[in-house]
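Residue numbers (the working numbering), protein chains in the order written: chain A, 1458 to 1794; chain B, 1458 to 1794; chain C, 1458 to 1794; chain D, 1458 to 1794.
Since the hints were derived computationally from the structure, they do not count as laboratory data. Beta carbons: idealized from backbone N, C-alpha and C, even for Gly. Treat the hints loosely; a few may be bogus.
What the hints assert, rightly or not - Examples of chain B residues lying across from chain C (beta carbon under 7 angstroms, computed):
id, residue
1, Glu-1601
2, Gln-1647
3, Ala-1651
4, Leu-1653
5, Ser-1666
6, Met-1668
7, Leu-1670
8, Gly-1676
9, Leu-1678
10, Ala-1701
11, Ala-1702
12, Ala-1783
There are 4 protein chains.
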Amino acid sequence: MLHFGLFGAGRIGRVHAGSLAQHPRAELTAVHDPAQAAAREVAARCGATATADADAIIGDPGIDAVIIASPTPTHVGLLTRCARAGKAVLCEKPIDLDLARVDACWAEIRDSRAAVMIGFNRRFDPSIAGVRDRVAAGEIGRLEQLVITSRDPAPAPAAYIRTSGGLFRDMTIHDFDLARFFLGEVVEVQAMAANLIEPYIAEAGDVDSAMVLLRGAGGELGQIVNSRRCSFGYDQRVEAFGAAATLSVGNQTATSVRHCGPSGTETAPPYLNFFLERYGPAYRAELDHLVRCVEQGQAPSPGFADGRAALVLADAADESIRTGRAVRVSGRAGPGR
Amino acid sequence: MLHFGLFGAGRIGRVHAGSLAQHPRAELTAVHDPAQAAAREVAARCGATATADADAIIGDPGIDAVIIASPTPTHVGLLTRCARAGKAVLCEKPIDLDLARVDACWAEIRDSRAAVMIGFNRRFDPSIAGVRDRVAAGEIGRLEQLVITSRDPAPAPAAYIRTSGGLFRDMTIHDFDLARFFLGEVVEVQAMAANLIEPYIAEAGDVDSAMVLLRGAGGELGQIVNSRRCSFGYDQRVEAFGAAATLSVGNQTATSVRHCGPSGTETAPPYLNFFLERYGPAYRAELDHLVRCVEQGQAPSPGFADGRAALVLADAADESIRTGRAVRVSGRAGPGR
Amino acid sequence: MLHFGLFGAGRIGRVHAGSLAQHPRAELTAVHDPAQAAAREVAARCGATATADADAIIGDPGIDAVIIASPTPTHVGLLTRCARAGKAVLCEKPIDLDLARVDACWAEIRDSRAAVMIGFNRRFDPSIAGVRDRVAAGEIGRLEQLVITSRDPAPAPAAYIRTSGGLFRDMTIHDFDLARFFLGEVVEVQAMAANLIEPYIAEAGDVDSAMVLLRGAGGELGQIVNSRRCSFGYDQRVEAFGAAATLSVGNQTATSVRHCGPSGTETAPPYLNFFLERYGPAYRAELDHLVRCVEQGQAPSPGFADGRAALVLADAADESIRTGRAVRVSGRAGPGR
Amino acid sequence: MLHFGLFGAGRIGRVHAGSLAQHPRAELTAVHDPAQAAAREVAARCGATATADADAIIGDPGIDAVIIASPTPTHVGLLTRCARAGKAVLCEKPIDLDLARVDACWAEIRDSRAAVMIGFNRRFDPSIAGVRDRVAAGEIGRLEQLVITSRDPAPAPAAYIRTSGGLFRDMTIHDFDLARFFLGEVVEVQAMAANLIEPYIAEAGDVDSAMVLLRGAGGELGQIVNSRRCSFGYDQRVEAFGAAATLSVGNQTATSVRHCGPSGTETAPPYLNFFLERYGPAYRAELDHLVRCVEQGQAPSPGFADGRAALVLADAADESIRTGRAVRVSGRAGPGR
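Make the full structure from the sequences, and use the hints.
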């Protein structure tokens, strides 16, 4: 039985607490959140202890692993201390909004033997993982073009947007990781972005709509389309176009009901509305992967270097929209594993 | 060039006139309809002659073939005279509403060498014909179950219903023919019917909704579902369920447009609304089949015996709803080829 | 917390044990199975006790409710004793293969106040329940035709078939219940059946393929198509055809992956293979319904009378294939609630 | 009746000859092609005259309109002479590969009153035109993102590629026009391209795979994905993502047949294989548009200025892949109407 500490009792923290409750070989021991009421609520539901003192988790030798689901600015500090304390770590994305801080973090933890995993949960979605496995097995021949569609049902509130690090570091970062999941390394990034949705996003200095072009190290082309708002719900699609065949992941509905009437036929229900619904199984599979890796002494994946690499692509996209230039990112590989 | 006479300048007659206009080796020479204005209009559009005298067509040695698209009560008389005059005949279904008259007709024409084809156009629909060919080629293994869905967008008017011969002889007859197209002979019929739609149909002594079970000579099971009204348009589907695979024909839309919005996703346009739209290519292929058969001296299919056999099944379905019994129809094969 | 005893540690028993393990207000206390190894295995996984003595469950006042998932011949005896002992009962279908025994059972338990629920789990499938709710809310206008498709991926082994009570009582009984779920009472049944699949089914005196027509008390028509074998997996569809619109439940896949290649496009993965996968959420919702009913002192649904009524329809279908007649079943309503 | 001359008896010329043959108010009078056998074959099929002398068409006052479907280098010369001779002109795309020649052509014909239409046939596809009309009618709210997928089933041969003007001027030009059809003016272009398919394309100095980003004058974002080869046929999709809803155009099959078997379900047939099949109705509607415009004295659309504008975007995409920069194209509007 693997004992977990959880940092952060918000929306994502609760998802992980739920996954732990269902996992037969893991259990939640302690929950940390400065908002003590939230910490106590999550802890109570799982028979765990709530604490406002991070050291009560970091210093507890009975805790084998931690999940860092607290606000982004706290990630690096917690990750560093937990890894140095020898705990396995599942850290939500992004590691940090600042590449220099990410690299400094790595310098601190590189000599620890701790398993570090970054929470790019989409890699564990059964549909996406299934396509990736089939691509890797050669089913579509050479992968030539990767098309990722990723649109949120509704924009986050202004307060969130202001500290989010911007669309590319906050939202597209999942798509950058997906691109790397399929393409391996990405060597070139171009981006175009716009403000089409809510004035408060522009006022926060951010964009709300974006399209990105990518070139993989093997010459493959990739494109990402993002929007902070989508009228028909959470739009999450991937198309892996290969020389011999194409595999795609479509949107998903809660039921298989269809409606036919005078004004339209074959109408499906709204799509699973947001990441909690759409990626519920992925969150559980992600956690299970970490548990297995710790049990077997293997390095989990995606690891620290993957978290860093996705941030490099986000930075490059930002640079591209500022400069109007294609940005080469090969050679920017940094430390990490 | 094959020269055609057309009996009947109504809705179906115009479809055939249109097919003739497009056929490179056929042309419409004369149009007969007691409604002379209609005959003249159709004739003018095709460079043909209008006539109110059927003999002007039957007796014209320059006319090689005729299409009988006049009201059902006139079919047997025209078919008999044209066949005896040596003309190839495409006669709309049903041959007649009365089996005795059908058999009497056959007695009159059996010695003629005329090619006689009955207008079961669905056999020529590219989707249906494609499935039938693949079934015949063994792609699905043994055909075990055949499911036919056939619903009209809206009921015919009362005047039509009163002389239609009833649902089974007027509408289901197409499905009985389709069943025979897939199953070969049918040996047993059960039916259940109801009045759910319009009072005037019940007042005319007819039913408006029906379900039929069929047993093929090879032991296969078949079912038909019919309605005189369908909220979402013309519902025309076939499922051929085999031991090794299943092939199905779905409904069709005019475009490949889909709509996604807050209240529903993947909404397709309304289906092709009725037989003129849905079976346009089938009507043209049907005519082309007759032209080729005449050119090559072969018997067209479906032939007179097929028209009779579908009527036998319609009669059996009527008997089943009257008696509440399964009706065996093997051994009822009659004359005709 | 509701304490459950479980009779039967086979395939279905394990499904229910799994549902209990996930339910926050229910727990499995004791497992009975003459096969003690199976009972112990299931019990161990849930922290329950295994027993070979049914009375250890029936006589335990700490057990509030039981699930009867043992072989059909034991249902009536266990149901009777548990209900008389005041326990809430979830009994797998069918109550019994013999209507006389079902009625005798009811005579024994009618005066108990025990909640009795019959395991027609499909009523709790989110897609089916969703369509039923929308039909009940009037979304499709009057329901005119109900089309149920139900085919198993592969036939049960000969030993099972011989004691199953036949296709209608064993397999179609789920579809008869679904028909009643949508139509309310059914007043007339016609059936046609065949042996198309495995000789051992015919040798056991059973059929392996069937089509059934139903008439609802409100005049609606219904049809069921069944096969013991389906090349493409578990085929579970429902179409509710109404005057104003149609709602349908389609088959379901584990992922939303599609494949496009030279020989075919838009290929979906195989369907969820059998009832454990397809109806997993339904089994959990079914159990939750019982828990809520017991908590709130309400009668669960479907109840004993529903179990009896589905058996009446199965008997009628058997009679129809023996006699070749439509069988009226109105007025056959029996005891039960 | 409008009398047409046709320049070019190749693949596209024959499509137009076929459309003319079906049009009730147009007829083909003369066919010009240096390959006289081809000219004679097309002419014979339509009752037209074949000629090797372009002046026989240009100088014939009985010819009202011409279709220019000859090789690209001949377009400007023929267009100029025919327009100056007062004939209505339907010129296949591109007007020319060189913008300077296009502008010189305009200088020659600007004072003529001739109707000039450029053959961007996709604007007349019923699905695409339908979506465009619904977008224009406000059905999806503000159009925010336009996603165009356009892949050919197989690359053109080396000889064609060498003189094609490159992927952007030869193939993407259709997508650039579509983008303008939806977005109005495009103000910025970025592109990324690669050689992934056939060495002979790289040897010809061209690319075979490309992705393009576009910014509309209204701030909208657009993306295009192109490939010269697609394993599953001709891939032609459009997605118009709006603030209130999304409309999309999917690929199309010749029939509505689906296959379900052990290894996959819901398999559709291959898509309509190439532009002759996929855009057959569009070619006919395009011609009908020109006929109506001539009859009513209106300017056809897309016109000369549209042909020029698409070429400007192709040039910009070329510049972007050479320089790695986003290219602004506003202010590059040139002469033409």
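Hint-by-hint comparison with the structure:
no.	hint	in the structure
1	Glu-1601	holds (5 angstroms)
2	Gln-1647	holds (5 angstroms)
3	Ala-1651	holds (5 angstroms)
4	Leu-1653	holds (5 angstroms)
5	Ser-1666	holds (6 angstroms)
6	Met-1668	holds (5 angstroms)
7	Leu-1670	holds (4 angstroms)
8	Gly-1676	holds (5 angstroms)
9	Leu-1678	holds (5 angstroms)
10	Ala-1701	holds (5 angstroms)
11	Ala-1702	holds (5 angstroms)
12	Ala-1783	holds (4 angstroms)
Violated hints: none; the structure is consistent with every hint.
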